[in-house]
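Engineer: Sequence:
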Amino acid sequence: MKTFVAFFEIPAINMERAVQFYGTVFGEKLEIVEYGEEKMAFISSGDQQPIGCIFSLKGYLPTSNSITISFYTENMDESLAMVRKAGGKIATEPCETCEGSKDYFAYFLDTEGNRIGLFTRNIHPGE
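71 is the number that full-length UniProt numbering gives to position 71 of the sequence shown; each next residue is one higher, with no gaps.
One or more of the hints may lead you astray.
Label pairs and their calculated CB-CB ranges [to be verified]:
1. Cys-98 / Tyr-35: 38 to 46 Å
2. Gly-100 / Leu-57: 15 to 23 Å
3. Glu-99 / Lys-58: 44 to 52 Å
4. Asp-47 / Arg-17: 36 to 44 Å
5. Phe-7 / Glu-78: 33 to 41 Å
6. Glu-16 / Lys-102: 37 to 45 Å
Derived DSBU-like pairs (lysine-lysine); straight-line CA-CA distance at most 30 Å [what the hints assert, rightly or not]:
7. Lys-39 / Lys-29
8. Lys-29 / Lys-58
9. Lys-102 / Lys-89
10. Lys-58 / Lys-102
Read the hints as simulated data drawn from the structure, not as lab findings.
Since we're looking at a predicted model, the values are computed, not measured.
Idealized CB from N, CA, C, for every residue including glycine.
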């Protein structure tokens with residue numbers, strides 16, 4: 001089986017707060033839609049096809065100690081500044097994935113308590 005990420009779901013307790021957080025971090029207007037008892041806000045990758053969503057449904061809770069989704073960023077500093085501005089907390093400051101690598105990662109906690117990763121190929125864009 002070929003593996004790839006097809007779609008992700010980020011649980012939220014407070015949809016309005018989570019949508020405001022991710023809208024700020026991603027620089028995208030997210031809209032909440034309701035499907036019965038479930039609320040969702042879809043995230044796209046620039047085209048029309050959603051790649052994931054924030055959702056709220058009874059029985060699903062945010063967590064900081066389970067599977068982690070990491071998003072690619074061209075500029076780690078700008079992305080972490082947006083996380084702070086939106087009310088998130090930096091859990092792990094940027095560090096190399098392995099010694100001598102130009103790949104870096106950082107983790108943050110969103111407003112719902114989920115641990116999310118950021119990944120970049122160059123910590124200092126333009127160098």
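Engineer: The structure should be examined with respect to each hint, and the outcome stated for every one.
Structural biologist: These are the hints, each one checked on the structure:
A C-beta distance of roughly 42 Å is found between Cys-98 and Tyr-35, which places it inside the suggested range of 38 to 46 Å. With their beta carbons about 44 Å apart, Gly-100 and Leu-57 fall outside the hinted range of 15 to 23 Å. Evaluation of the 44 to 52 Å hint for Glu-99 and Lys-58 yields a pass: the beta carbon distance comes to about 45 Å. Taken as a hint, the range 36 to 44 Å is violated for the pair Asp-47 and Arg-17, whose Cβ atoms sit roughly 27 Å apart.
As the Cβ distance of Phe-7 to Glu-78 is approximately 26 Å, the hint placing it in 33 to 41 Å is violated. A hinted range of 37 to 45 Å holds for the C-beta pair Glu-16 and Lys-102, which are about 38 Å apart. The suggested pairing of Lys-39 with Lys-29 holds, with an alpha-carbon distance near 16 Å, which does not exceed 30 Å. Proximity of Lys-29 to Lys-58 is assessed by CA-CA distance (about 25 Å); at most 30 Å being required, the pair is judged to hold.
Restraint check: the Cα-Cα separation between Lys-102 and Lys-89 comes to about 24 Å, which is no more than 30 Å; the hinted pair holds. Our distance criterion of 30 Å between C-alpha atoms is broken by Lys-58 and Lys-102, whose separation comes to about 41 Å.
Hint compliance for this structure: hints 2, 4, 5 and 10 are not met, and every other hint is.
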